[in-house]
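Each protein sequence line maps, in turn, to chains E, D and C. Be aware that the first sequence starts at 1, since it is given in this note's numbering, and climbs by one per residue. Be aware that the second sequence starts at 83, since it is given in this note's numbering, and climbs by one per residue. Be aware that the third sequence starts at 478, since it is given in this note's numbering, and climbs by one per residue.
Mixed in with the good hints, there may be bad ones.
The calculated label-pair distances, taken between Cβ atoms and stated as ranges, are [stated by the list, open to error]:
no.: 1; chain 1: D; residue 1: 275; chain 2: C; residue 2: 672; range: 51 to 59 Å
no.: 2; chain 1: D; residue 1: 297; chain 2: E; residue 2: 30; range: 45 to 53 Å
no.: 3; chain 1: E; residue 1: 37; chain 2: C; residue 2: 668; range: 13 to 21 Å
no.: 4; chain 1: C; residue 1: 672; chain 2: D; residue 2: 413; range: 51 to 59 Å
no.: 5; chain 1: D; residue 1: 406; chain 2: C; residue 2: 668; range: 53 to 61 Å
no.: 6; chain 1: D; residue 1: 294; chain 2: E; residue 2: 21; range: 38 to 46 Å
no.: 7; chain 1: C; residue 1: 667; chain 2: E; residue 2: 30; range: 27 to 35 Å
no.: 8; chain 1: D; residue 1: 197; chain 2: C; residue 2: 753; range: 51 to 59 Å
no.: 9; chain 1: D; residue 1: 477; chain 2: C; residue 2: 765; range: 52 to 60 Å
In silico DMTMM-like links for lysine to aspartate or glutamate, alpha-carbon gap of 20 Å or less [claimed, not checked]:
no.: 10; chain 1: C; residue 1: 557; chain 2: D; residue 2: 283
no.: 11; chain 1: E; residue 1: 4; chain 2: D; residue 2: 236
no.: 12; chain 1: D; residue 1: 433; chain 2: D; residue 2: 366
no.: 13; chain 1: E; residue 1: 14; chain 2: E; residue 2: 81
no.: 14; chain 1: E; residue 1: 16; chain 2: C; residue 2: 481
no.: 15; chain 1: C; residue 1: 636; chain 2: C; residue 2: 704
no.: 16; chain 1: C; residue 1: 557; chain 2: D; residue 2: 281
no.: 17; chain 1: C; residue 1: 760; chain 2: C; residue 2: 714
no.: 18; chain 1: E; residue 1: 25; chain 2: C; residue 2: 704
no.: 19; chain 1: E; residue 1: 52; chain 2: C; residue 2: 480
no.: 20; chain 1: E; residue 1: 4; chain 2: D; residue 2: 281
no.: 21; chain 1: D; residue 1: 430; chain 2: D; residue 2: 445
no.: 22; chain 1: E; residue 1: 53; chain 2: C; residue 2: 704
For the record, the hints were derived by calculation from the structure and aren't laboratory data. We put the CB at the ideal spot given by N, CA and C, even for glycine.
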Amino acid sequence: MFAKMILPSATGLKNKTGSWRMGKKPKFLHKNCTGCRMCYLICPEGCVSGSKKNYDANLDYCKGCGMCVEICPVKDIIMVEE
Amino acid sequence: MKQFLEGATSIAKTVALCRPGVIAAYPITPQTHIPEELSSLIANGELKAEIVNVESEHSAASCILGASATGVRVYSSTSSQGLLLMAEVIFNIAGLRLPVVMCCVNRAVSAPINIWNDQQDIMSVRDSGAILFFAENIQEACDLHIQAFKLAEDPEVMLPVIVNIDGFVLSHGYEAVELPSQELVDKFLPPYNPIYKLDPENPLTFGALVGPEWYMETRYAIHHTMLNEVKSKIPKIAEEFTKMFGRKSYGFYEEYYLEDADTVYVTFGSLSGPIKDTIDRLREKNEKVGLLRIITYRPFPAEIGRILSKFNRVIVLEKDISLGHTGGLYSDIVTSVYNYAQNSGISKLPKISGYICGLGGRDVSLEEIEQLYTEKEIFSSKFIGINEKNLGSYI
Amino acid sequence: MIDEKILFTPGHTACAGCGQSLAARLVIDAAGPNTIVVNNTGCLEVFSTGYPYTSWRVPFIHSLFENAAAVASGIEKALKYLGKTDVNVIAQAGDGGFADIGFQAFSGLWERGHNVLSICYDNEAYMNTGIQRSGTSPVGANTGTSPVGRNSYGNITWKKNLIDIALAHRCSYIATATICYPVDLQNKVKKAIKIKGAKFIYIFAPCPLGWGYDPSLSIKIAELAVETGLFPLIEYENGVLTKVKKLKELKPIEEFLKLQKRFQHLFQEENKHLLQIWEDFIKVNVEKYQILEKSN
């Protein structure tokens with residue numbers, strides 16, 4: 001007899017952590033984006049995706065830490081009220 | 083063909099026949115000859131395996147845990163403090179359901195430091211989820227190793243197995259041993275190929291954190307496996323072994339002159355040898371005495387209660403003590419007999435005495451063993467051979 | 478939408494702004510899917526594999542607090558036995574799991590020269606158990622077991638030097654990295670996995686909860702650690718210092734300290750002498766790694 005303790009990959013995607021946000025969410029303005037990918041690279045959730053100059057955060061998972069806002073060199077991401 | 087070999091060498095040669103892929107061990111007396119012999123077999127090209135000279139027993143157990151999870155047959159051996167250092171890893175191996183096979187060359191536990199034999203070390207991992215075998219002699223130690231791999235790796239079992247052998251008595255003693263052919267071992271023991279393993283082709287997560295809603299089932303599953311799958315497979319594997327290798331293997335326990343006995347000794351490990359000699363001497367005097375030798379200690383053989391309940395007297399002799407209570411085997415025997423009595427409704431129970439002997443390598447004589455047979459009083463944990471001169475008060 | 482190539486997926490339960498979760502994702506994405514990850518007990522293991530969830534898209538195993546390096550040694554040998562030598566093995570831990578309780582196993586792994594990449598995520602305390610000092614907590618850090626009080630200015634010891642310890646083990650590749658330079662971090666991982674032998678990357682991983690700052694500041698704090706000379710970005714190949722991130726000038730250490738609650742007491746008059754310990758440490762870094770660009 002076994003307890004089913006071995007997990008298949010990436011089941012964590014079912015755990016939507018977006019509900020953790022404390023009233024603010026990032027807004028990607030898509031105005032000045034240079035496509036440097038820093039927002040994609042530094043998101044601790046790994047929930048920023050996109051290509052070229054068109055990135056966005058997946059709000060199902062985004063915990064609203066605001067690191068993408070801090071890192072954006074052209075201030076193309078801002079925190080807004082939910 | 084029988085060869086006159088040292089215990090540790092025989093075990094290492096037998097393990098090599100089982101084709102482990104990764105071996106890790108750390109030097110500790112009296113276990114060291116096993117990894118030494120395995121190292122030379124690898125050095126001489128007689129065994130294709132990776133051996134890791136780890137920096138502690140904790141890492142030895144962890145190393146084979148990792149290799150086992152990667153889908154490779156693994157082996158380690160240790161003694162005493164080494165086993166205690168491995169303890170948390172052994173619990174972990176069982177919890178992860180990895181079929182690790184190990185040999186514990188039983189030795190006393192510190193302090194005071196003492197390298198000689200007793201069986202207190204293994205009691206520290208008695209409740210870990212590892213299957214525990216005890217060998218009486220070198221031949222049985224070898225035979226149990228081959229069966230250990232088969233049992234551990236059975237897809238319905240997937241639990242660690244520890245084969246216990248008495249330090250020095252069996253590890254350094256010499257015996258005429260029959261080592262089987264590679265062909266026969268290969269036939270008995272198919273290659274290990276688990277369904278779940280660490281493999282980038284199928285990325286799985288092992289060792290996740292679980293909360294109260296999941297944890298209890300993991301323990302229940304191990305317990306259930308011990309009491310069902312392991313219980314049914316041990317006799318089958320022993321029978322298959324007996325048939326294939328032409329040498330009797332008993333499985334859970336061996337009965338020695340039990341049929342007409344009034345009084346029965348119970349023990350495990352190499353102590354069985356002198357007890358059998360004692361029984362032979364007593365039988366010559368027409369005394370109705372026998373021995374029940376425990377081979378599988380975990381899972382504890384369920385029939386023990388039924389078997390023992392019909393005798394007048396049971397004498398449990400062991401080389402371990404749960405300080406402040408009784409010997410480990412004694413309390414298991416009493417529990418089994420009482421449980422059987424409760425369930426079967428029998429009212430007459432045997433008188434069960436518990437004796438502790440041989441701690442830290444203290445000699446036990448045949449006379450001392452025989453003397454227990456005539457003892458009228460009942461004890462739960464009487465120490466044999468205590469020298470009062472060695473004792474005093476703190477002040 | 479979620480990037481399908483990400484090997485450490487969203488849905489993990491790290492605190493918002495966690496430096497370690499970011500670093501861990503950068504590491505595994507750089508190492509690629511042909512990698513087995515072994516993790517000591519700690520925040521990362523807890524927040525990424527809370528049953529029935531796992532964030533890992535690579536084979537992952539957690540056994541105990543202190544044995545990831547030994548488990549990884551066994552995995553590497555098993556892969557060798559199976560002839561799968563193209564699979565990377567990463568043994569990773571937080572600072573407590575790496576530098577304290579799990580250190581012996583890492584020392585063994587390095588000494589034996591297993592082809593394994595060791596990663597230490599240093600957030601300078603035992604965060605998973607609720608912020609207690611570790612062997613890599615800096616002087617003055619206010620933690621649960623080095624609290625500030627009438628008779629205490631916080632942690633009294635300086636950080637264990639893991640880089641020098643790795644050097645003494647003759648690791649084939651040793652590097653430091655941090656989260657504000659993600660490309661640099663990933664390049665180091667990519668470089669490390671191509672080199673044979675025991676490799677070590679030491680990652681400075683700010684912790685909003687344990688250090689007491691707003692989650693959005695994780696990047697800023699990592700940046701200040703580098704720019705003050707506190708955490709130099711360096712690389713050693715076969716014992717030779719091959720790369721150092723040069724700085725034009727050093728930012729004052731106070732800029733790094735003042736953003737964090739754990740150091741607020743260091744600015745009180747009676748504790749100002751402690752700042753000297755920090756300055757001295759930075760001076761050693763400047764000399765040892767020649768951090769500053771030579772002005773002509």
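Comparing the hints with the structure gives:
1. About 32 Å separates the C-beta atoms of residue 275(D) and residue 672(C), a value inconsistent with the hinted range of 51 to 59 Å.
2. Taking 45 to 53 Å as the suggested C-beta distance range, the pair residue 297(D) and residue 30(E) conforms, at roughly 47 Å.
3. One distance hint, 13 to 21 Å for the beta-carbon pair residue 37(E) and residue 668(C), holds here, with the actual separation near 20 Å.
4. In this structure the hint that residue 672(C) and residue 413(D) lie 51 to 59 Å apart at CB holds, the actual value being about 56 Å.
5. About 58 Å separates the C-beta atoms of residue 406(D) and residue 668(C), a value consistent with the hinted range of 53 to 61 Å.
6. Between residue 294(D) and residue 21(E) the C-beta distance comes to about 28 Å, which lies outside the given range of 38 to 46 Å.
7. Range check, residue 667(C) to residue 30(E): Cβ separation about 31 Å, and the 27 to 35 Å hint holds.
8. Between residue 197(D) and residue 753(C) the CB atoms are about 53 Å apart, so this pair conforms to the stated range of 51 to 59 Å.
9. Separated by about 58 Å at the C-beta atoms, residue 477(D) and residue 765(C) satisfy the suggested range of 52 to 60 Å.
10. Distance check on the hinted pair: residue 557(C) and residue 283(D) sit about 17 Å apart at the alpha-carbon level, within 20 Å; holds.
11. Between residue 4(E) and residue 236(D), the direct Cα distance comes to roughly 17 Å. Compliance with the 20 Å bound is thereby established for this hinted pair.
12. At roughly 24 Å between alpha-carbon atoms, residue 433(D) and residue 366(D) are farther apart than 20 Å, so this suggested pair is violated.
13. Taken as a hint, the residue 14(E) and residue 81(E) pair is broken in the structure, with Cα atoms around 25 Å apart against an allowance of 20 Å.
14. Taken as a hint, the residue 16(E) and residue 481(C) pair is honoured in the structure, with Cα atoms around 16 Å apart against an allowance of 20 Å.
15. For the hint linking residue 636(C) to residue 704(C), the alpha-carbon distance of about 19 Å falls within 20 Å, and the restraint holds.
16. For a cut-off of 20 Å, the pair hint linking residue 557(C) to residue 281(D) stands: about 13 Å separates their Cα positions.
17. Distance hint between residue 760(C) and residue 714(C) is unfulfilled; the C-alpha atoms sit about 24 Å from each other, more than 20 Å.
18. Pair hint residue 25(E) plus residue 704(C) does not hold up; C-alpha atoms about 30 Å apart against a cutoff of 20 Å.
19. Restraint check for residue 52(E) and residue 480(C): satisfied, since their Cα atoms lie roughly 14 Å apart, inside the 20 Å limit.
20. Between the alpha carbons of residue 4(E) and residue 281(D) the distance comes to roughly 18 Å, so the proposed pair stays at or under 20 Å and holds.
21. A threshold of 20 Å between alpha carbons decides the hint, and for residue 430(D) with residue 445(D) the separation of about 35 Å lies outside it, so the pair is violated.
22. For the proposed pair residue 53(E) and residue 704(C), the alpha carbon gap of about 29 Å is over 20 Å, so the pair is violated.
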